[in-house]
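Engineer: Sequence:
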Amino acid sequence: MSQVCQITGKKPLVGMNVSHSHIRTKKRSLPNLRWKRYWLGTENRWVRLRISTKGMRIIDKKGIEVIVAELRSRGQKI
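Per my numbering, the very first residue in the sequence shown carries number 1; after that it's consecutive.
Hints are computed from structural coordinates only; laboratory data are not their basis. We put the beta carbon where it would ideally sit given N, CA and C, even for glycine. Please note: incorrect hints may appear among the correct ones.
What the hints assert, rightly or not - Distance ranges between label pairs, derived from CB positions:
no., residue 1, residue 2, range
1, S21, E43, 43 to 51 Å
2, R74, N44, 20 to 28 Å
3, Q3, K61, 19 to 27 Å
4, N17, V66, 36 to 44 Å
5, H20, L71, 31 to 39 Å
Turn these sequences into a full structure, and let the hints steer you where they fit.
Structural biologist: Printed below as a string of structure tokens:
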């Protein structure tokens with residue numbers, strides 16, 4: 001499963017853990033992704049999205065209809 005937000009495009013970040021003795025080991029910081037269902041009134045159906053919490057706030061601001069139209073214009077299947 002891809003760890004990418006469908007709305008914002010957030011991906012895992014790669015960095016280094018640095019210990020007290022300065023030994024470096026790789027680490028991944030994963031985005032806060034959730035599966036969320038939204039009701040599309042115009043199509044009379046549910047839409048299931050893999051989005052970050054920031055993406056949820058964007059949907060609250062713009063509305064699900066606008067976001068779905070943007071996703072479709074980018075070529076994503078919904």
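Engineer: Evaluate each hint against the coordinates.
Structural biologist: Right, here's what the structure says about each hint:
1. For S21 paired with E43, a C-beta distance near 58 Å fails the hint of 43 to 51 Å.
2. Roughly 23 Å separates the CB atoms of R74 and N44, a value that falls within the hinted 20 to 28 Å.
3. Between Q3 and K61 the Cβ separation comes to about 24 Å, which falls inside the hinted range of 19 to 27 Å.
4. At roughly 40 Å, the beta carbons of N17 and V66 sit within the given window of 36 to 44 Å.
5. Here the CB-CB span from H20 to L71 is close to 46 Å, at odds with the stated 31 to 39 Å.
Against the hints set out earlier in the document, violations occur for numbers 1, 5.
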